[in-house]
Structure formats: structure tokens, C-alpha cells
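Number of protein chains: 2
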Amino acid sequence: MRQRDAVHAAIIAVGTELVLDGRSDTNGVTVARLLASRGIDARMRLIVPDDEEEIALALEDVQRRFQIIIVTGGLGPTIDDVTREAACKAFDLDLQEDRGVLDSLKERCRALGREMSSQSARQAMVPHGATVLPNASGTAPGLQLTVAGTSIFLLPGVPHEMELMMRDHVLNRLDVLGLRAGSPRSVSRALKVSGMTEVEVQERILDLLGQPGEARAIDLTLLASPAEITVILRGAREDLIAHAFERVRERLGRAVFAEDLDTGIEAAVGRALEKRGLSLAAAESCTGGLLAEMITRVPGSSSWFTQAWVTYCNEAKISLLGIEPALIVRHGAVSAEVAEAMAEAARRISGASIAVSISGIAGPSGASPGKPIGLAYLGVADRVGTRVTRHLFAGDREAIRLFSARTTLNRVRLECLEAGE
Amino acid sequence: MRQRDAVHAAIIAVGTELVLDGRSDTNGVTVARLLASRGIDARMRLIVPDDEEEIALALEDVQRRFQIIIVTGGLGPTIDDVTREAACKAFDLDLQEDRGVLDSLKERCRALGREMSSQSARQAMVPHGATVLPNASGTAPGLQLTVAGTSIFLLPGVPHEMELMMRDHVLNRLDVLGLRAGSPRSVSRALKVSGMTEVEVQERILDLLGQPGEARAIDLTLLASPAEITVILRGAREDLIAHAFERVRERLGRAVFAEDLDTGIEAAVGRALEKRGLSLAAAESCTGGLLAEMITRVPGSSSWFTQAWVTYCNEAKISLLGIEPALIVRHGAVSAEVAEAMAEAARRISGASIAVSISGIAGPSGASPGKPIGLAYLGVADRVGTRVTRHLFAGDREAIRLFSARTTLNRVRLECLEAGE
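Residue numbers (this note's numbering), protein chains in the order written: chain V, 1 to 421; chain Y, 1 to 421.
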């Protein structure tokens, strides 16, 4: 197998459910970010089932190519936890009971007023030569091994236990091992855009990054999701990345709502409203609470978001928002007229500075002649007046709901920008 | 490297954002499920960056061990798409322009009234000897290669294009290759439980599955998420799995809300309500629309879910639901009394058969003496009366909101069960 000379890490997530059952591996994502914070690039993520043989094969393979391996999962007390055994198999080590770990497991049980089960004692088994990493918030300790120059860390699969152990023990140990300094640091900057397609974004910025086939100092990644395109610039030279980032940001202008990966449009809108002392209310139909849920995910959103109505049926639109039944009969619930009335009622009743409304057809059923799935009317009412826009969003139910909620939030953001900085 | 004799698949997802930026790889999950539907187990998922060398190394490694490899991503027209080149590097193949693909790309552009860019033409480059798989809904075709007995499929990364291609082309080709028949079929059954912890579930069922260390015919996987434990039984013998599944279900009783992986508590509640001709309304505070959003994710939920109020601030509780200001002053917004009044008001105003309310402290701020983060009062009002339960949920803001919403839905489900089958 070919060798690599730079210091790169591989991440192995253990869990049958991650391979076969459609569970996302969030641990690998967390580990990659924490390593990146120390300038170490994860170059591979591997996901293997709770199978001793498969885990052992994976460990053997990556050990030959990587200087750092982080394994998450399979250290617990239950019968599907076999990472300890797999590591011993891969590197020909014995598994031995560690008195210190056993005593602390017993102590923990005593404090909870319970007997320790024989099964829990499995967590005290340690591969010969491994260092034990204490688990501040759970039972299974972590383990550190060194095999032919590769530092291997076995961490528990419970996300917050794993994250604490990475922060408290693994990152420091990597520093001590000097594995940080020698690594080719990769610099990245990201920004997020709403109201443009992926192709529109690429066409607007591609010439800034060089031609295909050319050796490029800047790698571009574009990620599309409903009403949100993420642009990532990456390279080795901080100055080049910073320069390109400024030019990309200029080109994309007001479509840019965030300059990092973690800020959602809901947080961006919150900042824009808070800065101007404005408040928001919402009347939702096809999004069924998604807009409110997105907003209230943001800690502190209560300072600018007061209330929402989920008027999922026509009767609720009539009784809660006072929409004229005749208006619904004449134009249908999914119409510019009803969206306008919903936004105005929401603003009047709530007293909020701005109220938004969403009425659309998320599918899979509900389409009618002239009103296809994906049709949505989005209303924004403020002191200037009420504007309704018509959209035809592509995708499944989930995508259409996301498009509707995010596009509405982006409209509020743009109105804030227009109202003045 | 060791060889495996059974027919297993490896899945490689290509995308720098999947390794470094905290994007979840959903394609790998979809591919694993589709393969499982044909009795083929994915034994490894690999995630690698958009890097020709890394993709090539990954392909070389897994080709030695697996008879089927599915690669997703990196086939598009943009400069970060290098999977074609990587496959050629790994297996020493030439990349050649395919006239048929080029013509259909040109045709597609003409239909949209555009010139084809030189960049788009990259999608017509095909490794020597590869079969082209048509893309029914996008531009990048898929590619099939056979290398030393391993069937390798390169598929586009856009999720719905990839899924269509898997369904329309890959699965049939695997059948034709006879890779289905020879595989050791793994049988699994799953059920989902609410209202119990992972340890409680395990203690109640573990003796059914044999002792640790024993050779077991049944593998158990337990997955914990807020207010939802998933139990998966897996093995080679259908009869043993079916028998164990029945016994596990008996032991867990009414805590079981689903007998598959895809049904959420919101869909389970919907079925229970629909069966009894009941309707639901909600008044949410700390969950901020999450309960309504979960419910309206379910297609057809409009037949049993009518409306919700997101009363995120006290004023909204007072003005929309008519909660007495004195009640809030006396007990606080997060109290059994206010939760009770919210549920009763929601039922009265909506006319729904059942109304629920949620008032809690999701954090990170908002705690006060005697009212810690995680405290939640959940109300259920129906024709019999109103019951409020007090909970102390552990976790971060997102976990507490999920615990609150799911526990509320589970209470509605249990009330339906008690009201009669």
C-alpha cells in the first residue's frame, strides 16, 4: 500500500446502525472539526459495523497509512461493544483487566446504590500497553495505543462523552506528541448564500479561482441545500484564501447571509432584526411550524420572536386569524390573497414590527389544476405595507417546506437590509 | 490483506465537505438500505475528500476486499469533481471522451436554449471499458467498471439522481451478475420504544438474547435518542429473529410505538388518533413549533391535526390563549398551572378532541432557583379532563426540545391506547 508522508488522521466510527440502518454518524463530524481546530486534516472517515473482524481489518488498513486514528464507539458494557477486542486482534495484543478502572466502575455503582454487573466489568478490560483516558461523564474509559508510530485513540460512542474526552485528553496528547506542528495546515473560509442556485453562484465566482486543469492554490467546494448554497474556499496559504474570500463576498453581495458554516438563515435574520430593534411574528400553513421551530432553535430568539400561528386547516385560518371565508372560497387557501391576509392579520394581532405568512402545497398530495406541488405564496407585512411573492419550489415535501421557510426568512433579512444598515 | 469470501459491499462517499465540514453523508445511508433490500450487506462505509489521490487509494484498498463497490459523488462538471480521474488512476485506465454522452449533454443544453460549456463536457469523459448508466434527472451519467471480479459503480452525488440510478440500473445489474443469490442474507427486525431509558430496555430484554461471550444467533443493537430507543435484532435465521422479536415486543409492551425504523412517534400518534376519529391541537412554548413541525412532516396529518399556537412570550400566552396574567405572575410561565391553562385554552378555542401544551426551560439561559434547565411541564386536555406531568430532561437545548415534544406525543398515544383499542 502507498505511504503518505504528511500527518493526516483517519476517523473510524463503529456501529452497525451507522452502516445498515440509516443513522448518521455525527461523531465523525465532531472529531473532524476538533482535529481541524488543531490544524490536523482528517483525510478519511470510515464507518464499520459492530463486528470484531471488520473493525480489526479497518484498524490494520488505516494504521499503515495514517499517523493518527480516532475510533468512536464499541467501548460500552453491552454485548455489541467489541472495539477493545478488535484492537487486540488487529495489533496482536492481550486484553487485561485494569484494577484502577475496575475500582472506579465499582465506586460509581456504589454511589448510585447498585451492584456492579459482570457485564459492566467488561469496561475494565484494557489492551496491554494502552493508556486509560478517564471518562468524565460516563462509564466507559477511553484508551490510547501506539502501534508502529501511529497514535490510536479509542473513544466512547456517546456523543457528549466522546466530545469531552477529545477536548480534555486527546487534543492535548496530540500536541504533546508534536503531531500538530508538523502538519500541513489547511486554511478554509466559508460563506452562505440564499436566493441563488448553485450554478448561479459558481458562474458568478469561478473565474476568481483559476481554470479547470490548472494547478490551483484554492480549492472550491459548493454545497447546495434548499434555499441555501454554501461556498467553501480551502488552501494552504492564508493570504491567498483571505484575498479570494473578499472578492467572492463582493461578487455575491447581499445574497451572502453568513460567513461561517454554523450560522443558519434563522440566526442571520435574528441578528438583523435585533440590530434594528424589530420583532417578528408568523402565520404558517404548509410549513406547519417549521419556520417558528427554526427561529426558536436560536438561543435568545425570544428577544425578537414573539409568537406564531400554525393554521394548518382552513377553519383555523378563519377562526384564529379572521381570514374571510369568502376569500378562501374565491382564491383558494394557497393564493396571494390569502397569504396577504394571513400576514396582515398576524401583524395586527401580534403587534410585531414584521409578520410573515406561508401558504403553499408541500405535497405529496394537494395539487390541483393550476396549483402544482411546490407552489408557495410568501407574505411579508410591515409598516410600509404587505408584499406577497409567488414561488415554485422543486423537491419533495421536506425540501419544499425548507425552501418555503428559508426563503421567507431571507426575504425578512433583505427587507431589513433595505430599511437601512 | 485478508480476503473475505461472502459477497459484501463497500460504499464510498466522495466529498471534502463530508470529511471536514460536518455535513452528514446521506447517500451512503440510502445506498446501504437499497442494497439491504436485495439481501446485500454493506460492511463498510468510507468517506473521502474530493482528492484524486485519496479516492484512488480508497478504491484500490476496498477493491481487494469487496465484490461490490458503490461510489457516490465527484462526477459533476465542476472543478472539484475528480472521481472519474481517480478511478482511472487506481486501476490504470485511460479516460476517453464518449460521443454518445457528449451528444446527449449537448442535446440537453440545446433544449434549455444554452451553449454547452467546455466544463460540462468533462462529464462525457469515460474510463476505458466502463459502461455508461443514463442519468434520468440530471447531467452526470453513472459509470460501471469491473476490476478483477469486483463490480464498481460510480454514481452522481445529487441524492435524488443517485437514488434513481441505484433503483433503475444498479440493483438490476447486481441481480444479473448473480451477486444477489450468493450473498448471506441478514435478517433484521426493529422496534421503537418511548418512555424508557436504554438501560431499562436492555435490562428488560437481554436474557432473551443469550449471554455475553456466547456464540449468539441474534445480534442486538440499541440506539438511544431523546425519548426514543430503537431496538434492532439481526441474524441469519429468519425464524429465530421472528421468535425473538415477538418475545421482545411482549416484554416491552405499550412502550413500543413502532415496528420499523422509519415510523416516528408523530406518525404513530397520527395512526392512533385517526383510528379513533380524534383530532389534536397544540400550544407550545419552549419547543417553539417543533411539535407542530414534527406532526406536519407526516403527509396527510391535516386529517387529524388542525392548528397550533407558538406562544413564545408571556404576552402571547395572555393575548392568544387568554391565560390570566396573575397566574403567570404567581406560578411563572413554566409551571403546572400555566401548562394546564394552556392545554385547556387550546382545546376550547380549537374545538379539537385533544389539546396538548408544553412549557419548559430549554436553556442555555432561563434557569432560576427551583427551575433548572430541562424542567418541563406537559399538559394533555381531553373530554375527561386535564393532566399535567412534570419532567426534568437531560441534555442540551435541542435534546430538551426533542424530549419535550416526543414525550408529549407519547402521552397522547398512551391516552389513546387507554381510551380503548
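Since the hints were made in silico from the structure, they are not lab data. Take the hints with a grain of salt, since some may be wrong.
Okay, the calculated beta carbon distance ranges per label pair [to be verified]:
1. V:Ala121 - Y:Asn172: 22 to 28 Å
2. Y:Pro159 - V:Ala148: 52 to 58 Å
3. Y:Ser303 - V:His331: 22 to 28 Å
4. V:Cys109 - Y:Asp207: 19 to 25 Å
5. V:Ala111 - Y:Ala242: 19 to 25 Å
6. Y:Gly322 - V:Ala121: 53 to 59 Å
7. V:Ala111 - Y:Asp207: 25 to 31 Å
Ideal Cβ positions, reconstructed from N, Cα and C, are used throughout, including at glycine.
The hints, checked one at a time:
Between V:Ala121 and Y:Asn172 the C-beta distance comes to about 50 Å, which lies outside the given range of 22 to 28 Å. The hinted range of 52 to 58 Å is not satisfied by Y:Pro159 and V:Ala148, whose Cβ atoms lie roughly 40 Å apart. A C-beta distance of roughly 23 Å is found between Y:Ser303 and V:His331, which places it inside the suggested range of 22 to 28 Å. With their beta carbons about 20 Å apart, V:Cys109 and Y:Asp207 fall inside the hinted range of 19 to 25 Å.
For V:Ala111 paired with Y:Ala242, a C-beta distance near 41 Å fails the hint of 19 to 25 Å. The hinted range of 53 to 59 Å is satisfied by Y:Gly322 and V:Ala121, whose Cβ atoms lie roughly 58 Å apart. Taken as a hint, the range 25 to 31 Å holds for the pair V:Ala111 and Y:Asp207, whose Cβ atoms sit roughly 26 Å apart.
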